[in-house]
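*Asks:* Chains as they are written, first to last, in the working numbering: chain Y, 1 to 354; chain B, 1001 to 1247; chain R, 2001 to 2067.
It should be emphasised that the hints constitute simulated quantities derived from the structure, not laboratory data.
There could be a bad hint or two in this list.
DSSO-like, lysine-lysine: derived pairs with alpha carbons at most 27 Å apart [said to hold, decoys possible]:
#	chain 1	residue 1	chain 2	residue 2
1	Y	Lys190	B	Lys1199
2	B	Lys1189	R	Lys2067
3	R	Lys2023	B	Lys1186
Simulated DEER-style distance windows between Cβ atoms [to be verified]:
#	chain 1	residue 1	chain 2	residue 2	range
4	B	Ile1185	R	Ser2029	21 to 29 Å
5	R	Lys2023	Y	His208	33 to 41 Å
6	Y	Pro173	B	Thr1017	52 to 60 Å
7	B	Glu1200	Y	Tyr117	44 to 52 Å
8	B	Cys1240	Y	Glu236	53 to 61 Å
9	B	Cys1240	Y	Asp217	39 to 47 Å
10	B	Pro1084	Y	Lys177	23 to 31 Å
Glycine residues also receive a C-beta, built at the ideal position from the N, C-alpha and C atoms.
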Amino acid sequence: MKGNEAVAEAAIRSGCRLYFAYPITPQSELIEYMARMMPKVNGTFLQAESEVSAINMVYGAAGCGKRVMTSSSSPGISLKMEGISYIAGAELPAVIVNVQRGGPGLGDIQPAQGDYYQATKGGGHGDYRLIVMAPASVQEFADMASDAFDLADKYRNPVMILADGMLGQMMEPVEFKEPLTDAEIEEMPKQHDSWCIRPNEDGDKKHHHEINSLEIDPVVLEQHVNNLYKKYAEIEKNEISYESYDVSDDNEVLCVAWGTASRIVKSAINELKKDGKSVGMIRPINVWPYPYEAIAKAIGPNVKKVYVFELNTGQMLDDVKIAVAGKVPVEFWGKVGGVVFTPAEIKEKLEACF
Amino acid sequence: MEKIAYRPESLTKTPFTYCPGCLHGVAHRLIAEAVDEQGLINKMTGVAPVGCSVFAYKFFNFDMAQAAHGRAPAVATGMKRSRPDMHVFTYQGDGDLAAIGTAEIVHAANRGEHISVFFVNNAIYGMTGGQMAPTTLPDMKTTTSPYGRDTADVGHPIRVCELLDTLISPYYIERVSLLTPADIIKAKKAVSKAIQYNKEGRGFTFVEFISTCPTNWGLDPLKSRDWAKEHMLPFFKTGCFRDKGAE
Amino acid sequence: MPRMTVDPNYCKGCGLCIAACPKKIIRFSEKINDKGYHYAECFEQETCIACKMCYVTCPDVAITVEK
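Throw the hints in and build the complete structure from the sequences for me.
*Replies:* Listed below in structure tokens is the structure:
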């Protein structure tokens, strides 16, 4: 199944019954799939007038405690940044899918990884964090839909699935989880009854819930932001996720790559293995929270260099440098513009390390 | 002795933060009265804008959301689509609705979203200190049109009711004034109708209030009303633009 | 007997009720509330006809009218 469609199907199976988005290449298949399938499950599909409007519709629906999703690609994600900041500030659960393309500006429609900074270092204003998941296969892309909704609900925070045009377009076999039943979907918003907008059915005990990120008293805002960061500390403790590939004490080079780039690096690593050259890779699956410790620990006794490969000018590179903390040199090679490197090119770069 | 006029239950006890004589409070009260009269308090919710009424979420005695500038109709759309059993309104000023939020209001109206929009037009940006609004009148001096609004440079004021009236979907559109007690009584009828149509699930309802901004117009509350009567009402004509329920 | 009362905690001394009252029986108090406003007060309750115009025009919902 195509990546774009797989994540949509997985979202529906996870109980998402509200989807608001605007068309943009390379994720138009996602919105079109939702347009066809949402009505079939009596869900709401709405093509908004802009990505700005879509993220605000998400804010409204999330404020009502319901599972809601939007998707877009790089320039459209930029438009959503104000809304994402509001969602984080108001502590609302929401899932945002970014199918990255070449940038900056209008860029092109080919796959890229140029939005890493935007996703993990905050694209919206103010102190907040997005949980960011970076799939590297269509199966992972689909699996992340339910994980994203679960984490969003658990932590009352927006979650981004940071994919790219290649994952969106490629077709791979997918196994889906059993869909949630209507009864389960009905029950789901009740976990948010203590804060969400909902009718007053408490009898005499009326509630007055506010979905809001404004706190005009600086002392109160300070407390609020500190509370947000206590939450983020919990997330950093609990939600580290990465893959170790061929990491061993024999490694002479340790690669770090994410998403589509990691697949190409894996191919190169396999080729080098045949030549008796030992290279390992840590692939962050969640890029926020970032597996700093895992990378540091993976630097084996024979590792001469940590090599980062990305389809950008070196964004996750910064996080790798933090993880490595100067223990060994960190090298970077990337391709931009939506041009994707080949296993042969990666192999060549790695060979030069031996 | 019985109370025949008193603070509606749909308003909290929190004092309004508006300037003395600002008519926002009247608009709030009319909405609250209508919600009370129609027994909707347990299912009502609204969206506060960015502007002087940003704190509206503190003033209405039911669940409220606060939205990014201009985005209230989109937020309301998300809310209504996710909890159709609730009644949703937005409350917006001229910057929120007619400047940054033009796309959101036009499209929410065009989709015929089942929400009520209450639009307070006082021809200026109040909260940020008196800048020009899309509804500022020609030659009117504001802090960003210090020499008077030059229509050759920045165009004429926008008449939102007329604009929305070109769309097919909206159900009810009316412009009212808050400038005299008699006008307020008429305005209350429009607000009640909008809320009633909303409750009955008839479609998109829109009420524009002609209001004042004593502080930024540099006039006292009474003179502000006179100024608005003289300058705003000739351009922003009150009246019902459409009422599909009356057909 | 009809009466209007102003809650001094809400009144901002805007004067709209004073202008609205057809019997002209509302004035600014000599006293000030804790926000510093001379709040409105009815000085001749026996003349009040409970027309509610003061309530209708008050932007702070400071007024209660009884009949």
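*Asks:* Tell me the numbers of any earlier hints that the structure contravenes, in ascending order.
*Replies:* Nothing - there is no hint that the structure violates, so all of them hold.
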